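Participant: Position chain B against the provided structure of chain A, taking the given hints into account.
Those protein sequences? They're chains A and B, same order as listed.
With my numbering applied, the first sequence covers 991 to 1507.
With my numbering applied, the second sequence covers 8 to 376.
To be clear, the hints were calculated from the coordinates, so they are not data collected in a lab.
If you're wondering where the values come from, they're calculated on a predicted model, not measured in any experiment.
Check before you lean on any hint, since a few could be wrong.
What the hints assert, rightly or not - With a Cα cut of at most 30 Å, we get these calculated DSSO-like pairs of lysine-lysine:
{"#": "1", "chain 1": "A", "residue 1": "Lys1210", "chain 2": "A", "residue 2": "Lys1067"}
{"#": "2", "chain 1": "B", "residue 1": "Lys330", "chain 2": "A", "residue 2": "Lys1442"}
{"#": "3", "chain 1": "B", "residue 1": "Lys330", "chain 2": "A", "residue 2": "Lys1412"}
{"#": "4", "chain 1": "A", "residue 1": "Lys1332", "chain 2": "A", "residue 2": "Lys1372"}
{"#": "5", "chain 1": "B", "residue 1": "Lys276", "chain 2": "A", "residue 2": "Lys1376"}
{"#": "6", "chain 1": "B", "residue 1": "Lys238", "chain 2": "A", "residue 2": "Lys1341"}
{"#": "7", "chain 1": "A", "residue 1": "Lys1212", "chain 2": "A", "residue 2": "Lys1020"}
{"#": "8", "chain 1": "A", "residue 1": "Lys1442", "chain 2": "A", "residue 2": "Lys1389"}
{"#": "9", "chain 1": "A", "residue 1": "Lys1416", "chain 2": "B", "residue 2": "Lys258"}
{"#": "10", "chain 1": "A", "residue 1": "Lys1203", "chain 2": "A", "residue 2": "Lys1071"}
{"#": "11", "chain 1": "B", "residue 1": "Lys258", "chain 2": "A", "residue 2": "Lys1378"}
To be verified - Some chain B residues well away from chain A (every beta-carbon gap over 12 Å; in silico):
{"#": "12", "residue": "Asn60"}
{"#": "13", "residue": "Glu104"}
{"#": "14", "residue": "Thr208"}
{"#": "15", "residue": "Gly279"}
{"#": "16", "residue": "Val305"}
Stated by the list, open to error - Here are some, though not all, of the chain A residues that point toward chain B, as calculated from beta-carbon distances under 10 Å:
{"#": "17", "residue": "Ser1084"}
{"#": "18", "residue": "Lys1389"}
{"#": "19", "residue": "Ser1391"}
Cβ coordinates follow ideal geometry from the N, Cα and C atoms, glycine included.
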Amino acid sequence: MSYRVGIDVGGTNTDAVIVDKDNRAIAKIKVATTEDVTTGILNALEGVLKESAVDTSEIKYAMLGTTHCTNAIVERKNLAKVGIIRIGKPATLSIKPLISWPDDLVNAIGGYMHIISGGHEYDGRELSQLDENEVRKALQDFKEKGVEALAISAVFSPVNNEHEMRVTEIAREILGDIPITLSHEIGSIGLLERENAAVINAAVVKVAKTAIKSFENALKEKGIDARLYITQNDGTLMSAEYALRYPVLTIASGPANSLRGAAFLSGLRDGIVVDVGGTTTDIGVLVNGFPRESSVAVEIGGVRTNFRMPDLISIGLGGGSLVRFENGVEVGPESVGYRLEKEALVFGGDKLTATDIAVYLKRAELGDPSKLKDLDSKLVEKAADKMKTMVEEAIDRMKTSPEPVPVILVGGGSILLPDSLKGASKVVKPENFEVANAIGAAIAQVSGEIDKVFSLEERGREEVLKEAKEIAMKEAIKAGADPDTVEIVDVDEIPLAYLPGNAIRIRAKAAGYLKIL
Amino acid sequence: MSVKWRDFVRSLDKEAIENLAVGAAILGTGGGGDPYIGKLTAIQALEEGYEINVVDVEEVPKDALIIPSAGMGTPTVIVEKLPRGTEIINAFKALGEYLGKEVYATMPIEAGGLNSTFPLAVGAKMGIPIVDADGMGRAFPELQMTTFHINGVTVTPMALADERDNIVILKTCDNYWAEWIARDITIRFGGTAWIALYPMTGKELRKAAIPGTLGLAERLGEAVREARERKENPIDAVLNASQGFELFKGKVVDVERRTTGGFARGVVKIEGFDEYSGNTLEVHIQNENLVAIKNGDVIASVPDLITILDLETAVPITTESVKYGQRCFVIGIPCSEMWRTEKGLEVAGPKYFGYDVEYEPIEEIMGEV
Chain A
991 MSYRVGIDVG
1001 GTNTDAVIVD
1011 KDNRAIAKIK
1021 VATTEDVTTG
1031 ILNALEGVLK
1041 ESAVDTSEIK
1051 YAMLGTTHCT
1061 NAIVERKNLA
1071 KVGIIRIGKP
1081 ATLSIKPLIS
1091 WPDDLVNAIG
1101 GYMHIISGGH
1111 EYDGRELSQL
1121 DENEVRKALQ
1131 DFKEKGVEAL
1141 AISAVFSPVN
1151 NEHEMRVTEI
1161 AREILGDIPI
1171 TLSHEIGSIG
1181 LLERENAAVI
1191 NAAVVKVAKT
1201 AIKSFENALK
1211 EKGIDARLYI
1221 TQNDGTLMSA
1231 EYALRYPVLT
1241 IASGPANSLR
1251 GAAFLSGLRD
1261 GIVVDVGGTT
1271 TDIGVLVNGF
1281 PRESSVAVEI
1291 GGVRTNFRMP
1301 DLISIGLGGG
1311 SLVRFENGVE
1321 VGPESVGYRL
1331 EKEALVFGGD
1341 KLTATDIAVY
1351 LKRAELGDPS
1361 KLKDLDSKLV
1371 EKAADKMKTM
1381 VEEAIDRMKT
1391 SPEPVPVILV
1401 GGGSILLPDS
1411 LKGASKVVKP
1421 ENFEVANAIG
1431 AAIAQVSGEI
1441 DKVFSLEERG
1451 REEVLKEAKE
1461 IAMKEAIKAG
1471 ADPDTVEIVD
1481 VDEIPLAYLP
1491 GNAIRIRAKA
1501 AGYLKIL
Chain B
8 MSVKWRDFVR
18 SLDKEAIENL
28 AVGAAILGTG
38 GGGDPYIGKL
48 TAIQALEEGY
58 EINVVDVEEV
68 PKDALIIPSA
78 GMGTPTVIVE
88 KLPRGTEIIN
98 AFKALGEYLG
108 KEVYATMPIE
118 AGGLNSTFPL
128 AVGAKMGIPI
138 VDADGMGRAF
148 PELQMTTFHI
158 NGVTVTPMAL
168 ADERDNIVIL
178 KTCDNYWAEW
188 IARDITIRFG
198 GTAWIALYPM
208 TGKELRKAAI
218 PGTLGLAERL
228 GEAVREARER
238 KENPIDAVLN
248 ASQGFELFKG
258 KVVDVERRTT
268 GGFARGVVKI
278 EGFDEYSGNT
288 LEVHIQNENL
298 VAIKNGDVIA
308 SVPDLITILD
318 LETAVPITTE
328 SVKYGQRCFV
338 IGIPCSEMWR
348 TEKGLEVAGP
358 KYFGYDVEYE
368 PIEEIMGEV
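One chain only, chain A, in its complex shape:
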């Protein structure tokens, strides 16, 4: 028998599950998330191993969804000194890199940059020639300053990546085996947002490396010889090596894991997933079994970026949300969080929380319901209505039409919600709903992607589409997917109508199950 362990770090709890080869959860645990994140992960791992009584040698895969990178950016801690190379002179000089960044974040990464001659036009012709002397000088300067990672971006590199690739070659000569992030690999059109995403990625490489190393060591200590995968924010897996190159893709992987877990547990491929935690509720959309992506620029740590993120709304409702009746009825956003089991009324505390409301209404059996007997049933109804409306409004905002859609409730806090919601064709609360995120990590597929502009001058659309799909599938297989199970899960065509060359931008994603099960 072979097993997989899935671990997902949330704001309040770190959850772990062990699943067998038929994807059945045979053990699950929730432990408190710790400030350093790693300790919580190790606690969860230890706990779930103990509960499962599985022979550790039979655990073949370990999947980890972690918040190390997000935390490092938000707290400006442990970030690498980044050398930024922008290729685009003579254009772009009127807005230098990092100009809109918060000062403390610029200080944390050093703020080293050079703008070099080069880059391309929208139609792929050269904007100007790449000046290799300038490149060498810039890289020498970075070497003297001791930069720990490089971020390289070029004007229109999503159309033509030649200059980013050439600078990488020169950087390898001068700086050796330094982590390098290329903007065309993680972002789309929009130089500043793509450059920002590349710089952030370069800045968190160090954090990712430490986190992954300590997890690998912990597995070894427990005698587990498993292949390690890291979950990314599209709900699929990347190898540890890949995660070290694109750590930024771990940002928002938690909600993506919940979405995938919800799809798996409910058997639904399309619908809205409501993940209620201790303090907040994330609402996302499943399209063909995967999280819908956000189409707008996203801010991370105060910086505008345009790399792929799941489309989510987060509202201040969770199991620990405080309920007050001073001005009508208010629920959240303040929450007792992980102190729920001390401070909520049902647990003998003195704070009225959303969980107390759920217990009063017999939606959950927890603590000591007799402690709630003095509550005014009318006010309780009002609070329950408020919680329901908050979620219903958020669901409606995520929909694309008024048609009712299936709603899947997951997360420990989903006991707060009733069995029917406005706008929902049905409300599903699957088994193991409280650890859907860790299950999502454990059962995830591996994926491969392509995002490139193709010219339609010499080839037809069909031919170009076929090529794009093949590249995506190859990427998935390279990442460890079983070729027999790989399929295209998403294709997006954007005709670039304003271009005279008749160009088209194609994004394709393929995913498949892990090769050896």
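Facilitator: Structure of chain B alone, referenced to chain A:
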């Protein structure tokens, strides 16, 4: 150069520029592009030690030469191939040289959207003020859709430049040809051109420009920001600052888009709530929000400004980003009287955009309601 204007200019700091950009997005009426890039060029100019000074229309000498400045081309290229900063200056200088006169000031051609903020860095680097005025009072998609045009000021002679120091001086028989030829040059330049156009005297400026629109954008942005900080309703602040009208409050229930005759047209259906419960508003859109129809009656139409704002944040919702489920306020702001003339409506009235709607000023419609 005479420095007399220094006595009556007002300097913009970083916060003022941030405010202006927020207000310019509201005046963009759903289109016009994001003022973000121009804002950053202005902030970098400040950080490099340049000053950004704004002068009122009345203070500009009648014989002074004013040259507006702008970016032209597809927004997708502008956000990727960021400007060098010198191209717009080159265009500006080339046109000044061609005209053989010292240039007193620059100004935006549109107060809404992308082009509201680019002239700030031009004025800063040229050491000249930016006139607190524009030629639209909002955003429009074509070069001739300006109050300059309807008052007889010509687009050309104009200058177009790129980041490689290519400069084209263009003189055309009329303003429509200017738009037509300039678009082609833009393609050769790589999708964007930086332009100096509509040269005019201080006397023409008084007649043809809409005064005070930069100040208006700044006040709008400031009002939104302060209301947010005080956790008050930013919509009231916007209406106060703009003398606008609340047209509707509701939820977007449908967005229909189709391309007809080369125009990307659409209809946004909004279902009312609270005091608008039971009512429906349709906003007809192209690049901008153009006509608002409540329960079958037109309650606002272009050239008056129609803006859809997010209910909670007052962030403008653009015609590209509007989608089902958004909760919003719809507001209407009176346009300049110049747009309400026969010539003005011919250039930018509802009929020009293909709607069979008789324009009626928003104040009058709201007065009747």
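Participant: With reference to the structure, classify each hint as holding or not holding.
Facilitator: We went through each hint and held it up to the structure:
no. : hint                  : in the structure
1   : Lys1210/A - Lys1067/A : holds (27 Å)
2   : Lys330/B - Lys1442/A  : holds (27 Å)
3   : Lys330/B - Lys1412/A  : holds (20 Å)
4   : Lys1332/A - Lys1372/A : holds (25 Å)
5   : Lys276/B - Lys1376/A  : holds (27 Å)
6   : Lys238/B - Lys1341/A  : holds (26 Å)
7   : Lys1212/A - Lys1020/A : holds (19 Å)
8   : Lys1442/A - Lys1389/A : holds (29 Å)
9   : Lys1416/A - Lys258/B  : holds (23 Å)
10  : Lys1203/A - Lys1071/A : holds (20 Å)
11  : Lys258/B - Lys1378/A  : holds (18 Å)
12  : Asn60                 : holds (19 Å)
13  : Glu104                : holds (21 Å)
14  : Thr208                : holds (29 Å)
15  : Gly279                : holds (15 Å)
16  : Val305                : holds (25 Å)
17  : Ser1084               : holds (3 Å)
18  : Lys1389               : holds (6 Å)
19  : Ser1391               : holds (6 Å)
Of the hints listed earlier, there is not a single one the structure fails to meet.
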